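Asker: Next come the chains, spelled out residue by residue.
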Amino acid sequence: MMRRKRMLVDLDQDIRDHIEMATQENIDRGMSLEEARYAAVRKFGNVARVKEDTREVWNLVWLEQLLRDIRLGLRQLRKNSGFTIVVVLTLALGIGASTAIFSVVNTVLLRPLPVRDPERLVVLHDQLPTLNLPRTNVSATQFREFSRREDLFESSAALLKTDLNLTGRDQPLRVEAMQVTASLFRVLRINPILGRTFTAVDDTYGNSHVAMLSHNLWQRLFVGDRNVIGKRLNPAGGTYQLVEGSFEIIGVMPESLELLYPHVELWIPVAFPPESFSEDNRWLLAYDMISRLRPGVTLAQARAGMATEAARFNDSTFAEFGIEVRPLVDEQVGDVRAPLYILLGAVGLVLLIACTNIAGLVLARNGARAREIAIRTVIGAGRAHIVSQLLTESLLLSIGGGVLGLLLAQACINVLIRMAPGDLPHVSTVRLDLSVLSFAFAVTLLAGILFGLMPAFQLARTDLTETLKEGGAGPGTGRGKLRLRRMLVVSEIAVALVLLVCSGLLLRSFAKLLDVRTGFDPSNLLTMNVSLSPAKYRDGGHMKAFSDAVVGRVFNLPGVTHAALASGVPFSSYGYNVLFQIRNRSTGPHDPAPHANDMYVTPGYFETMRIPLIRGRLFEPKEMRSGNVLGPGAVVVIDESLAKRLWPDSDPLGAEIGWEEGTWATIIGIVGDVHDTDLATESKGMFYVPGYGGTTLVVRAASDPRSLISAVREQIRAVDAEQPVYDISTMSELVAVSLARRRFAVILLALFATLALALAFIGVSGVIAYLVTLRTHEIGIRLALGAQHADVLRLILSQGLLMSLAGVAIGLVAALLATPLLASQLFGVHPADSKTLVAVTLLLMAVAMIASYLPARRATRVDPLNTLRCE
Amino acid sequence: MSTKEQNKRIELLQGTLDLLILRTLLLGTAHGHAIAKAIEFRSDEVLQVEQGSLYPALHRLIKRRWISVEEGTSENNRRAKFYRLTAKGRAQLAYETSKWDKMVGAIARILRPTGE
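The listed protein sequences correspond, in order, to chains A and B.
The first sequence finishes on residue 871 if you use our numbering, and the numbering steps up by one all the way, no holes.
The second sequence finishes on residue 116 if you use our numbering, and the numbering steps up by one all the way, no holes.
So here's chain B without its partners, still in its complex pose (with noise of 0.2 Å):
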């Protein structure tokens, strides 16, 4: 998997991770391994989920109140934890999303400044 196109991918920016998570669980529940794939797939896998730093994300927001955790079967009928979006969540994700966008549209113009 990580033979391909090794140069293309980019790690995630701190912080970044846990918008990309609340982003994901806003279409509806995931388990962890769905969620770290979700990322990827959803950014033609330029984006690296560093598997090792999802777990400490996901209990990073469970104990923030952001999401929450239901117990469930995974689709090949296993037992696994759900992660939802709570409605704190929703809120947190709506604020960083504007404050996300704030942050890219100022650094873009810094980057290419018009009239260049």
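Only chain A is shown next, with the shape it has when bound in the complex (with noise of 0.2 Å):
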């Protein structure tokens, strides 16, 4: 380019002297000056087309030639259309994996939140180690204490999750929504879309009537009507209890919110009732509490700021109390963030397998290439230019293997999405976004430069002679390059070796989890939850009628076996963790208390649950009680584990536990244990009481639970045709989706693992073919002397099982150093687990030597008299 710049400089001087020349030659053949000149320019020509045509010289020639690369580069791939078709290939799957996964990862981990300086925001936790509350809510007593700390804290704001019906409709509706304070659009700094948000006026206690709708809900109910304002919603029910009369709507939500709140529909005032701050509801833990750091504040001392408060606040009421501070970001993404890493190293890594293997392709058929690349170096080709044409050829299988690799990304982000787990966050918006397209392209241009380049060099070291000079043997036989092949092809069986290991591990929790008794029977079980407006169903007689007329109807249902009512089941809402004494045991002022969760139970429920009873026996109908269900001539039934916690030495038969003094009630037997949240965590510690209030119906069918929910969703619509039933799900169903994500994991890595594994196996074929290429002569000696097919056999195969042992070996003490990495993930099998070790080395050497066996067997096939004649 810098030559093209000279040279066309002076072209306007060229040309006017070419023109005066002209003149002077023609006045020497004497014409006037001025018939000199106009015949010379006549003669010339049109100046700027000449100009011009001149000029596209420059043009057209580098055209020319970077057109010439590339269709000499397209005539050699197509001319070695299996060694395309294998790079293309492995490209388009390194390219397509990571781009979909990255696609996830990005929207997953690395999108911002839908807030303005998102990583100023931080949630507060209260801590509790001694009750087993790791972290937990806070309460309005602790909000406004903490809140007070301006120095640390722009603006906080505390969420109540509740839920609530509304009415005067077709279908009573129960939507899901949350009690904010006033100050939350400040922490958040949204706005509304339409209408106002919440005045200091609308959160006070008593004066609460305005709701904001989400911008889901707006769609959903008013079809995004923009007159919606000053409209009215009537609340009958659900756990919100605090209002009577309806609620004017005054706002619209953006739509963002809902990547941080998925679920909410409805937005009104928290308004802290007054007894919300009493004494007694000091610890009442309910709220959520979120705040925005203090410019220039750092989360160390926020943290430090909190510990202080904390101690002041706890006042020795608890041996062990903190106030966690935890960036908003992570708890959004919280435990997602682990495997996604795991699986975005294992994108990497794969993608360096793939690279590996096409740098030894393209190294092999280098060597092929060589003595013709070696004759067009010795008739005068550039080593620059023969670099820039192999430059051009890996360009070009780049580009055709990042096109297809974004193709099968596209169709990958549409799989992980249907296979990916709901409460992933944001799953759904996933798409291949700008970002990802150009991280798919840089990769792409890497990779290509990287496996263009190391043939290039390897060529400015290629010593002309030498190569024309070995002739008749065949390719380019440098010692050197079979050494790096040997060295590319080792590293790629250790990467693929991590990768096998890891997935192993993982699988081999996942079938662990799946032989975990969840402790009761889940199969053929249906349950559905009724919200019940509190204000009808106000006390234990109309909860009673209810309870009893509803289990009674869909017990009598042909198809039922069982029914109950509980407060909750295992792997959906479940108990409350709650604190209790037990009568005669005296606690120190700093042991923990007894804690467990508690369940209200009707009698059946250990039946249509198939709990079974270990010892002692269980409910009868006649000790339900509607009111308070411990006190005076109360009964309850415990588990083992809580047993096995509290009653160590001793029988828990007949002991009494209670509130406090005066509300005693007898423990008349002990049932299995339930895992209750997933299964990869034991139960706490749990007692049933009999008892009225549970919503949740449970009900265990003779055969297909599902063909059962319209007759028993007609039943308590024949009781209560006002209260809306939600959450239908069998218990399966539950089940399966607390494995979700982590079977979502594992489908993910077994596909990279077996995707690595291919690529190894193409890599160690691709190498022992390279090898007996070049030992073809050798062999064929061998065998004229006398040699045995099965010595030849041997010979190939050794170079397989050395490559082989060399890449297990690294590739064990690689995955020792990673897998503890992946510990947090594993259930029941240890990060350095000798059968999945050993297992996979197994595998792999199994498949490096099919992978060497097939071009062995070639080998055995040699001709001698052929290969001597090719001499």
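Wrong hints could be hidden among the right ones.
Unchecked claim - Listed next, with one range per pair, are the computed distances between beta-carbon atoms: (1) GLY105(B) <-> HIS789(A): 51 to 61 Å; (2) ALA442(A) <-> ARG65(B): 32 to 42 Å; (3) SER32(A) <-> GLU71(B): 31 to 41 Å; (4) ARG857(A) <-> ILE110(B): 55 to 65 Å; (5) GLU52(A) <-> ARG84(B): 18 to 28 Å; (6) ARG857(A) <-> ALA106(B): 26 to 36 Å.
Derived from the structure by calculation, the hints contain no laboratory data.
In this text the structure is predicted, and so the values were computed from the model without any measurement.
We put the CB at the ideal spot given by N, CA and C, even for glycine.
Make one complex out of these two single chains by using the hints.
Answerer: Next up, the structure:
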């Protein structure tokens, strides 16, 4: 390009000189000056056109050369279509997988939250390790006191999840709502898309009759009507109990807020009632607290400040109490982060293997082309031109692989979205976006340049005479090249082993989880929730009537074998962690108080769930209580883990527990443990009380429980048509959902490991095939001298064995270093699980041996006469 | 100039100008005008250099490194650019000439087959 500029600079001058010379000549021939000049110019032609044409020479030549390179490259690639297909497919698989996973990671992990400066937002949690509450909510009093620390927090908000029923429509509708302090909008720095937000007056107890709609509810109920402001909503129950009368709609939230609070449909002021700040409720840990750090305040400073606050607030009520200050980003992404980083690492490894493979393939082919290139060099092709030709070829391959990879990525993303567990944040919004696109192309180009340059460097060292002299022996046989290829394959095997070990460990964990007994029989169980209006069902008598009617009617349905009502079911919403006391056992002031989850159940619950009775007896219908469940004459059933924890050396049967003096209830039975939230978590201890109040219906069916749904709904409707039914699901589905995230990670990693294994197979078999080609002559001589086929086979196989042994050894060391990072994702399997390591090693060795056997068998078919004649 | 025996002059075949420039420069360096004149003169003015194509051709040859440029003074003491054949250009000329000979022979055989 420099030359082009230099050449064109003097063009004007050149042309002027030329015309002047011609003019002079014409004068010499006897023309007049004017005539001479006219004739010269006419002969020269259109000056502007000449300049244009000259300039174009430089453009054209440059373009021509590129086009020629591309044409030549395409011809070369077509000629070696096998090579081209393998390389493009390898690249497409690597790029496709990495782009798809990067898209998921980009959306779930890296995409900023839909608020301003999200990194300044923190969430505050109480930590009560002695009560088995490592991370829980804060109380109203705590919120009031902590948010006074304005030296740390610019603003703070409290949130309380609730739900309520909306009536006045053809079907009663249950909506999930969030009660929030008016300060939330200042904390998040968001504005409504319609109307206004809450004021301090709205957020005052007794004055709170306003609500804001989520974008979703606005679309669903009002079809996006902009005149919705001022309309009224009629709540009729649900958990939300603080308001009589109706709400006025004052605003609509932006759609982006649903990324942060995906399930919230209605926003109402929290309007703390005065009793929330009473001494009794000092430890009523119910609210989420979110704060924005004051500018200049670091996370460490906020944590130090809150440690002081915690000590002051606790005032030795609990042996251990702390306040966790956690960035909102962590809260949002939570434990998804570790598996996603593992997957990202896996993607990087697969891409690495893919590139290694391609480098190997290109090296081998380049060996075969060494002679051609040497000849081209001798007859005058510049080294730079050969390098640029090689680069063009690699880039053509990369672009082909990249385009195919992007198509693959799009397909993968569609599959991933369908496979992903629903609770993975923002997963439905994952799509191939611009940053992912550029990432993919960066990877493609990098790969292209990487494996394009490697042979180019080798070429630069090529000794021409050596290459030409090697002549009949076939492709370039530089020992160095072979060593490089061997190293590539060894590292490929090592990386594949790491991936295989990781996915093997996760697979074993998953298998162990599937073996875990839930503690009940989830098959043929149907569950659903009824949202009861607290106004209508305000006391135990109403609840008893409703419960007896529903359970009785459902039980009488054909196909139903058992039915019960409970305050929750495992793998869904389940008991509350409560503190209680044991009669005649004093706990020291600093000892942790006994705690457990409690559940209200109707007598048929254990039979319905098939939770086994270990000792003692179960409830009888006459023991059901509708008022205070604990108290004189009351009975409870506890589970095994609570029995072992609190009565390690004595018999819990006959012991009495209660909230306080005078509320004692007798333990009459011990039942088996139930996994409450997911299979990986043990029961924390549970006691069951025979009481009305549960609104979760469990139904055991004789066959497919789904076929009963409409009949059961019909029975609830017959009892009370105004109460909405929600969260209808079978128990098996709930168990499956709890495993969904894990299954997702296992499937993805297993896919990657398979991909890595396939690529390693290609790599090993490629290098052995290359080796066989190199030694054809030698093998021919050996066979001619009487070597047996088995000898030749052994000769070649030993090469493959050597490489895979080296790869496996390196891989095992790397795997032992890498697997501790997986520990948090494992269940019942040690990160250095010997069974997995042995199995994976054997698998990889077997694959490597098969990969070497195929080309080795070809070596035995070498015809000695032919090889010798080739000479 | 162009008045004389207009019908006897023929336009150069595509690509032959390059060959002729190379051939001209085999005798020594020359500037643009001199090259054009030499071609016309040596062909007894039968070949007419379309001067508009001379400069693009020169630049094309420079780009391919078949000729090089140097500064110098023309016969009447003016600064001018002189073009010189490079080693590569010499090789190219040999190749092009043999190709030309083959082509001319082949065309001749087609146009006047032996035995006609």
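Asker: For each hint, tell me whether it holds in the structure or not.
Answerer: Tested hints:
no.: 1; hint: GLY105(B) <-> HIS789(A): 51 to 61 Å; verdict: holds, 58 Å
no.: 2; hint: ALA442(A) <-> ARG65(B): 32 to 42 Å; verdict: holds, 36 Å
no.: 3; hint: SER32(A) <-> GLU71(B): 31 to 41 Å; verdict: holds, 32 Å
no.: 4; hint: ARG857(A) <-> ILE110(B): 55 to 65 Å; verdict: holds, 57 Å
no.: 5; hint: GLU52(A) <-> ARG84(B): 18 to 28 Å; verdict: holds, 26 Å
no.: 6; hint: ARG857(A) <-> ALA106(B): 26 to 36 Å; verdict: violated, 53 Å
The earlier numbered hint that this structure contradicts is number 6, and it is the only one.
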